[in-house]
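Participant: Letter by letter, the chains look like this.
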Amino acid sequence: MEPLSNRSKKVQKREMTFAERAYLPAIAQGLGITLKHFFKKKATINYPEQTRERSDIWRGLHVLKRDENGAERCTACGLCAVACPAEAITMIAGERKAGEEHLYREEKYAVTYEINMLRCIFCGMCEEACPKAAIFLQDDKLAPARYERDEFIYGKDRLVEPLKTTETK
Amino acid sequence: MESVDLIYKGIFILVIFGITLLIATYSTYFERKIAAFIQDRVGPNRAGPFGLLQPLADAGKLFFKEEFIPAKANKALFIIGPGIAMLVATMSSAVIPFGDMLIVGGREIWLQAIDVNIGVLYVFGIVSLGVYGLMIGGWASNNKFSLLGAIRAASQNISYELAMGLSLIAVLMMTGSLSLREIAEQQQGFNWNIWYQPLGFIIFLVCAFAETNRTPFDLPESEAELIGGYHTEYGSMKLGMYLFAEYINIFVVSAVMSTLYFGAYNFPFMENLRSAISDPVLANNVVTMVGVAVMFAKIFAFIFFFMWVRWTLPRFRYDQLMKLGWQILIPLAILNMVLTGGAILLKDYLF
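Protein sequence lines, in the order shown, are assigned to chains A and B.
According to the numbering used here, the stretch in the first sequence is residues 1 to 169, in order.
According to the numbering used here, the stretch in the second sequence is residues 1001 to 1351, in order.
Hints were generated in silico from the structure; no laboratory data involved.
Bear in mind that the values here come from a model prediction, so they are computed numbers and not experimental data.
C-beta atoms are modelled at their ideal positions from N, C-alpha and C, and glycine is treated no differently.
It is possible that part of the hints are untrue.
Taking lysine-lysine pairs in the DSBU-like style, the calculated list, with each CA pair at most 35 Å apart, reads [unchecked claim]:
no.	chain 1	residue 1	chain 2	residue 2
1	B	Lys1323	A	Lys41
2	A	Lys36	B	Lys1144
3	B	Lys1033	A	Lys13
4	A	Lys10	B	Lys1033
One-sided excerpt, in silico: chain A residues whose CB lies under 8 Å from chain B [claimed, not checked]:
no.	residue
5	Gly30
6	Leu35
7	Lys40
8	Cys84
9	His102
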């Protein structure tokens, strides 16, 4: 039969030499290897004190952005919900009243905006679909574990970026 | 014996008991730490500074676990088993000389709990009793896997005790004494037995691993085929006692090996140190204290070696274990005996 690759080796079963049969040299060699590991750099990250560095393109917890004046960018167009393959995003749109211009950027805004983190697959399609650059997946935060299922439905209270109080001063 | 001596002996026994338990406790910590370092991890570092309170946390956990006795188990034996293992383990350090003699207020204080002229026999007798703990535990559990583990432990201990005893006889032939103190004294300075008995030491070392049920000879508890061996049914502190007894055994066997082969409390240039100090009492005390430190350094080195080997070697197969014991180690030990005897005769003939 034609060999599939040229990597096959003929196995030969030869008698072990005395040094091999005596085990002890091999054991000493093994002990040397483990002792080398004793002084190697540790792979451990001490979690609460140190956090693991994530890649710049890592997709984590969503955020709804505000514009430079602090108004919400989202106009509740629903493109993110349409783009979402897991159907995790739902929203209800509302009309901006007079005097709310500092709160919402356009005339239409999201009254509720919910993402079900149990459904979300963090694909980033919402981010791509958004025409207003309102929704992003952050590269430094992840959706933390919870005990109750309804705690995984993130509303606007947990999604909208907090106002930057330090900058206005 | 004077009552002062009795009081001193009592204190010394308590101190030795305390040191034994302390070292065994911290062996569990160092075992985990060494395992972690060998596997490129950090190991316990949360409880206290560097995780030093980890043994206490482990003990606390074991005490609060459910105390479970199987319905069909032999209750009395089930409880006695770990007790025997623990009792026997703590008894054997009594005859080990941890140091030479201290002179305090004109009184000679020997740093050994009991100086009997059959010290080696005592250690061997006590250590071989340890298997009763495992055997009773395995039998009383009324579980076939536990029983198999116990039988393995018993047959392994008996097999390796033979080779161990035979390898030791060569040392006894050289020293002509069964007293551990005399054996220690004969290895004055750097005149250690390891230089004369390298083969005997290797046999003794291998047997020591098997006696303490440490990897690569930890077949009684091979979890893959016997779940947990003789302690399958044990939980809570009764399991803790078994594991703890193992660490005490490691300490004792390390001490015995240091005494028999590595010169006990003797260290090179001992006499130079003694003559460097003019006051003879002070000189004696300084040398003795350094000797105690050296003895413990040797013991710790052996304990480290035990752990180092554990995280390096895989477990033996049972038939390989028996083959190694009966077909290799025992003939080798006998050969070593014959060689030693020949050497002694030759020495007498030539000089």
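Participant: Any hints from earlier that this structure breaks? Give me their numbers in increasing order, please.
Facilitator: 1, 2, 3, 4, 8 and 9
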